[in-house]
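Here's the letter readout for the chains.
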Amino acid sequence: MADVATTVAHDEHETTTGLPHTKLAMWLFLSSECLLFGALITTYVLYRNASVEGPFPADVFDIGYTSVSSFVLLASSLTMVLALAAAQKRDFMRMRLWLLATAMFGLTFVGGQVYEFTAFYREGLAINTNLFGTTFFVLTGFHGVHVTVGILMLLSLTGMSFADRLPDDPAFPVEMVGLYWHFVDIVWIIIFTVVYLIPTAPGAK
Amino acid sequence: MASITIQGDDRARGIRRPSALTGFKSWFTTVDHKKIGLMYGVTAFVFFIVGGLEALLIRSQLAQPDSTVLNAAQYNEVFTMHGLTMIFLFVMPMSAAFFNYLIPLMIGARDVAFPRINAFSYWLFLFGGLFLYSSWFLGGAPNGGWFGYAPNSTTDPTSGMTFYALGLLLTGIASTAGAVNLAVTVINMRAPGMSFFRLPVFVWMGLVTQLLLVFSLPIITVGLFELLFDRRWGTHFFDPTAGADPILWQHLFWLFGHPEVYILILPAFGIFSEVLPVFSRKPLFGYQFVVFSGIAIGFIGFGVWAHHMFAAGLGPVANTAFGISTAIIAIPTGVKIFNWMATMYRGDLRFTAAMLFSVGGVAMFVIGGLSGVTHAIVPADYQQTDTYYIVAHFHYVLFGGAIFGLFSAAYYWWPKVFGRLLSERLGKVHFWIMIIGFNLTFGPMHILGLQGMIRREYTYPESLGLTFWNQVATLGAFLIAVSILVFIANVVKTKMQHRPLETNDPWDARTLEWMTASPPPAYNFDEIPTVHSLDEFWHRKYAEDKNGKLVPVQAGAADHETGPPSRAIHLPSPSYWPLVAAFGLPIMAYGVIYSWWLVGLGVAVTLVGVYGWALEPSVAE
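As you go down the protein sequences, you meet chains U and Z in turn. Anchor point for the first sequence: position 1 equals 1 in the working numbering, and the numbering is continuous, going up by one each time. Anchor point for the second sequence: position 99 equals 99 in the working numbering, and the numbering is continuous, going up by one each time.
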């Protein structure tokens, strides 16, 4: 077997559907994630108003505060789009700027969540206090972990861009991270609506 | 000889990629789908032996009334680990072994879409299996059944069910990554002309199986996390005193668990659909029907889960609905069975070992399928639930169907993988001992179940009159063990005798994988073939004359595309990083049980693996 690098035939790169493998894989992965969050949200919905003891949602939620941090997270979807547009134009300074902005918005959201969790804990709601605490912390915590992974990917992309280690077509990894990022944002819209906005039954405090 | 270009290029920044393609070390860094397929196969077979020994322990315990081979606690561990091993560590990875090895060859590709993710999946599966088995030495194995019903699983004082949750999470991540990889491979890496309706049925069933995995594993993942949180951090997901409903676990488990049943059996359906036509010298009867039935089974498989819960008290409306959907899923399954029979009808049958296992597998599956239909009748199911009748049913479908199919595949594709034929004589001995032993083991369980013998009981008093059939079942189980020894002897004998194949195509087969050398070169095909029809390879070998009689195409015409390639073939380089990234995850899992420091270490190892992976000099992948 010769290991001389001769002309490389790139026949492997032509895909049957014309879509890159990574994009197809990302969509499959995200569809799998839909069921993951689907099952978590279902658990939360099934157990709404089922807690036998407090604190109850109305005792701890600060809708105004969470609305602001939700808005910050949604705004990060816009900066993500701007980062991709800049990458497609090969305007790398703007791309890095918007990637960093997206990561910062994400960090603000996660920081807000950490603060919120701490505040709830001080008010007497821990993960093992009651059924509400159990379902609330696990559902929103899972989402928070997803945002954190997204931030890591955004910062890695930025770092690789500064070190000039992005592939020849830098818009592609930005687009892939973007798909993930938008997915995580959309999931938050559902979680925010289901967990915070829909009022609990009058029976529950 | 084709020249292969493995890019191990020095000018690239970062750590140099390993380049060894042969030798002991190469197995740790390989990204070749064939080597990974082999590793899956060997590992799964070792787990099969272990799971089989556990089965023998169970049958030894039940051979006599009031027996003391195992005590109640040990019995719980042994039957739980037997189920987990056979499902998650044998049938699933053994199917993955065949898919990995064969899908690229059958669709005319050089590798899978993500060779490194493929290696990652294998290593994580191996670590997950070892993690699960390490529980025997760390305070007790899982003991709540493979279904792990809450709140029994959340309140058990030993750490077994924590290992269960974490171990299945590890193998679940491995399976999800593998499933995405193989699905993308089938969708996106087909040879020119290989349209979806020219894919071999085995590849089709592979695709459906991977999609079932992608959509069902996240559901059990949530269930396992909830179980883990309940056990480890005192949450209340399945705690009725806090207002929760333990039935939620059953829903999450079976919403995964029923598609899982099809994840286990569809690969065997694919195998039957390849083996039966070859040894009947006829095309598969009703190809489209077989494919669409497989897809229909995949879809309906998500709508029948509550038939595992008829006795849980869901109410008559839910029970009726799920009874109906369960009866409906028998239709596409029946369609397949009639297609296989029609394929054999008036065929030029050759009863090789592979053919025997396929025919035997279909027959055994039909028995299991029929007892399955009796479960769809809710009142009948009330009588059968939690008795040995259920044990008989699922062993007929999963052992009789899936494992017979996997052995058929082993005999059929052995020459493809190793370039040698397994002994047909020993293969037939293996088959007959196995099918007799199998029916002696599981046939009597129908009777025992209807007599009221309850599942998972570690012993029974003599006064119940269950002793005779239990002894027959135990005798059968040891016969199965003998048949496995015959298989191992066959493998060893074949290995010792250097009798290479005279032809690359010993069975006169129909599909692309037989067009290349046996065993295939690292790059699979010298030239990627262009596909013109279903059963492409067959049509290159045979044409029909005016009377519709088969005539061989002029010699040499079939392999006109196997000349030396016109250009260098570019293959992905081996890599250390999948092994490193996978190694961090079991460390995290131990950390969840023992210490946060270990979790941190595991995260660090995985991050090192992931970043090493991402920053590795890029090659075609």
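Think of the hints as simulated: they come from the structure by calculation, not from any bench. Possibly wrong hints are sitting among the right ones.
Said to hold, decoys possible - Covered stretches of chain U (chain Z as the covering partner; in silico rule of three or more C-beta atoms under 8 Å from a C-beta of chain Z):
id, region
1, 16 to 27
2, 43 to 51
Unchecked claim - Mimicking SDA-like on lysine to any residue, the simulated pairs with C-alpha atoms at most 20 Å apart in a straight line are:
id, chain 1, residue 1, chain 2, residue 2
3, U, K89, U, F172
4, U, K23, Z, K428
5, U, K23, Z, D348
6, Z, K428, Z, D386
7, U, K23, Z, A614
8, U, K23, Z, V482
All C-beta atoms in this analysis are idealised placements derived from N, C-alpha and C, irrespective of residue type, glycine included.
Hint check:
Under the rule that three or more residues need a Cβ within less than 8 Å of chain Z, the assignment of the region 16 to 27 of chain U holds, with 6 such residues. Proximity of the region 43 to 51 of chain U to chain Z, defined as three or more residues with a beta carbon under 8 Å from a beta carbon of that chain, is established by the 5 residues found. A threshold of 20 Å between alpha carbons decides the hint, and for U/K89 with U/F172 the separation of about 12 Å falls inside it, so the pair holds. About 47 Å separates the Cα atoms of U/K23 and Z/K428, which puts this hinted pair outside 20 Å; it is violated.
The suggested pairing of U/K23 with Z/D348 is violated, with an alpha-carbon distance near 46 Å, which exceeds 20 Å. A hinted pair counts as satisfied when its Cα atoms are at most 20 Å apart, and Z/K428 with Z/D386 does not qualify at roughly 35 Å. A distance of roughly 16 Å separates the Cα atoms of U/K23 and Z/A614; the hinted pair therefore holds under the 20 Å criterion. A hinted pair counts as satisfied when its Cα atoms are at most 20 Å apart, and U/K23 with Z/V482 does not qualify at roughly 49 Å.
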